Amino acid sequence: MIELKGVSKTYRNAGKPAVDNLTLQVRPGEIYGFLGPNGAGKTTTIKMMIGLLTPDAGSVTVAGLDLRQDPLAVKARLGFVPDSPVLYQRMSGRRFLSFIADAFSVPATERGGMDTLAGEFGLSEVLDAPLSSYSHGMKQKVSIVAALLHRPEVYILDEPIQGLDPHAAFVLKEKLKKLCEEGKTVFFSTHIMEVAERLCHRVGIINHGHLIAEGPLSDLRIAAGTDDSTLEKLFLELTDDMAATH
Amino acid sequence: MTWLQLTKAQAAGAGLVSRGYLKELSSQDRLWLLPMALAGAAVGAGSVVFMLLGSYRSLMTAGLATGYPEFLFFNALLVSGLFIFILSIPSALAKVYHSRDADLLFSLPLPPGRIVLSKTALLYGAFLPLHLLFFLPAVYVYLEAVTPEPSFILPVILQSLIAPLAPLVLGMTGASFLSGGSGLSRHRVLVEVSGMAMLTAALVAFQSILSRRMMAGMQGLALDPESLFIRLTTASLKALPPLAWGARSLTGNLASLALSAVFTTALTVVGIRFQSGRISTVLIRHREAAFKTKRRSGGRKAFKPRSPLKTLFFREWSVLSSTSTFLFEAAGEALILPLMLVIFSVMIPREILTLVKDSLDGLGFKGLIIFDLLLAFLSINTISSTSLSREGPSFALALTLPLSGRQQLRAKLLFHLAVFLPSLVTDIVILTVLLNLPISTLIYLFPGGFAALILNFALTISVDLKNPMLTWTNPQQAMKQNLNTLTGLGLSVATLILTAGIGLGFYFSGFSETISGLITALILFPAAFLFLKRAQRLADRTYSGVIELP
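Order-wise, the sequence lines are chains H and A. The working numbering puts the first residue of the first sequence at 6, with every later residue one more than the last. The working numbering puts the first residue of the second sequence at 523, with every later residue one more than the last.
Take these hints with a grain of salt, some might be off.
As the list claims (entries may be wrong) - Looking from chain H toward chain A, a few residues come up when the C-beta cut is under 10 angstroms (computed): (1) Ile55; (2) Gly56; (3) Leu77; (4) Val91.
Hints listed in this document are in silico derivations from the structure and should not be mistaken for laboratory results. All values derive from a computational prediction rather than experimental measurement. Note that CB positions come from ideal geometry on N, CA and C, so glycine has one too.
Could you build the full structure based on these sequences and the hints that come with them?
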């Protein structure tokens, strides 16, 4: 599971905090959708959850381990997909995935999953070509396979659907559902409301660094006083209200 | 959109000193770098001009003596043309055929000819100062010796402006052939490294000729009309008519002026038209080649598992070999002593080299001097002080791995040793053989050199661990234009002075040369250990996410 308690972060040379006193919890077996307009603090939150940024205040716990106390044990239990793929361009796809498997000490007997996953995402044909020759979508697929490869307990995905073809998007969504059934924890940010609506058990909406709404979609509808509102409408209402108060 | 508007837009977007770049520098509080860089360039250009003037005076005298007054201009145009030709090949590969904006430009409703013309204009703008650097001193020297007609100004202006066009267009055409061959386009790094190697060789040859000619010029000596150099230049005058026309146009030959202008214009037009017809095909071939590589490559078996340390070690190689700039820099630094020896043997007369060797032999502490020299060659490197910076945006990936800063540092140290240990051994062997060093010096040269390698690594990587430069767009910014490089070199020089002081201090206190060297080497070990420990602490801190990633 993932737990953030009173997490805050202010960047140097920035007046306002990017994330302000954020508290949230994602339980095992749950898919949590993290929504918010551009610049709301989604990526900063995610960077603090995976150890790319140190929070100024508060604590981050992943799989029962404090990120500050035991960062390597936390990273070993995490699968992360960044919003834009970060890869070593000179490596081939296979070499890169082997590099990830080596870094996460995946035993040789369990590495067959690499080809299976690559096949599922339509990468088999291109796996031995240098990553520099891949399209954005193919790089995103490699990033996703790299996150799934070591079968972690917790998955954190930043805009994972972005750039994927419909087939790969479908495969990913099915994978996430399956992982959730296996009791894994999935946290992902997205701008695609339809995906969040269909896939997530709970959603959290962040704006100006604050969590302005959180819960299952049905609860959010009740809170908003509408029965038939879509997540998109709710999102627009909530973020517009917030913008007006700012 | 006209070709001029297109050129202006590209210069504003990707030019070296565009408004956007200045704003970026300012936001990073690095605007002060610009005057420093300009001052450095001015000093460099000034020293080249100084040497050129000496060399050109000697050529002018030789030209007048042999009945070829155009001799000086021919040489100036030849050297300028050669440099522009060699440099324009990698530049055209980078800015035209492998340019990041190629897809954008070709998606616009513009004919390919206009795009090629704008790219040619951009490269012309970049190479014009280089041409003027070689050409204008020749005009100055000519005016010292001859009083020309007022109309002399016309060919001077014309040759100042049109002379770079022919070598530039030829270089760009060469690049289009290199890039068009599917095999070569896949080995772009190799092509670029070869270009840089050719340029270095040309620079060494040029520097060697310059220094020798400059000495002759300063001593008021004319070149021997029967010398090989004069005979070769006289033959080249006949073999390269376009250059001869350009040179003669400056000595009052109006027919040559017309021929030179017509030839240059015709060649430029033909070259641009040829490339305009070819560029779309070449770019399509690139895309197809990438597609073929992807399609062809299926079916390989998985790699054998590696330990995290081993896999990080090979990651270092993957990053270093990702651009020709990194590779060339690393190769130059690892091979600096052999390269310097080659350059010295070409540039400096044998008698002077023998004199230096004899002076060294006369000292009682030759071994200690060589020890310091060895450490200097091993310290002049930018590999560790830019180790994290070179990773650029992919540094974020390293932070997500369940591997500690210490493990990352260990892999970087191993890689540093893999690059520089062979250099240490080679350098010691070369110095021992060339300078007849006694075997006893090896007792401190090997261990001392090894400890110095680790100390240098620990000191300089600490600079990058504190503040890596991860937001570069051009690989040069990650290495040569990285302030960490300068700080790292400063630390290396300080360590070197301290080491030399310790060794010589012991020697002049009455210890033998060998014991003094040995004590220095032994002191280097704990120093290396302490600074490595410090670097480990810094690495743990850096890899725990304290850096605000872009």
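Which of the numbered hints above does this structure break?
none
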